[in-house]
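A.B. asks: Please model the entire structure based on the sequences and the hints provided.
Take the sequence shown: its letter number 75 is residue 75 in my numbering, and every next letter is one higher.
If you anchor each label on the Cβ, the simulated ranges turn out as follows: (1) K37 to I14: 24 to 32 Å; (2) R16 to E74: 19 to 27 Å; (3) G87 to D52: 21 to 29 Å; (4) P51 to D21: 29 to 37 Å; (5) G24 to V48: 33 to 41 Å; (6) R32 to F11: 30 to 38 Å; (7) P51 to S23: 37 to 45 Å; (8) P51 to R16: 16 to 24 Å; (9) T73 to A28: 16 to 24 Å; (10) G53 to P26: 29 to 37 Å; (11) T73 to G10: 17 to 25 Å; (12) G53 to G24: 31 to 39 Å.
Bear in mind the hints are in silico, worked out from the structure with no lab data behind them.
Note that CB positions come from ideal geometry on N, CA and C, so glycine has one too.
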Amino acid sequence: MRIRVRRTGGFAGIERSAEVDTSGRPDAHEWRALAEKAVSDGRHLPPVGVPDGFSYEITVDGRTVYAADPRLTEEQRQLITRVLKEGA
Numbered sequence: 001m002r003i004r005v006r007r008t009g010g011f012a013g014i015e016r017s018a019e020v021d022t023s024g025r026p027d028a029h030e031w032r033a034l035a036e037k038a039v040s041d042g043r044h045l046p047p048v049g050v051p052d053g054f055s056y057e058i059t060v061d062g063r064t065v066y067a068a069d070p071r072l073t074e075e076q077r078q079l080i081t082r083v084l085k086e087g088a
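C.D. replies: Structure follows, in structure tokens:
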């Protein structure tokens with residue numbers, strides 16, 4: 001499973017993105033469960049965010065959804081944090 005997160009917006013407007021390939025990882029089942037829940041709660045069009053808030057594009061195996069602060073689900077927040085931290 002390939003998971004990509006793209007973060008835009010924020011006070012400085014600096015874009016950040018990262019990607020994780022879970023194939024072959026011992027924790028792949030955890031990533032899959034988290035990614036599936038995060039995507040199922042996502043929107044098909046970018047939502048209106050708040051001033052200086054972050055907007056996110058989450059792509060899992062070619063399926064893209066959108067989310068924005070402060071209305072992220074807990075699973076979206078966890079997935080975004082893990083991908084941006086552990087991804088390349």
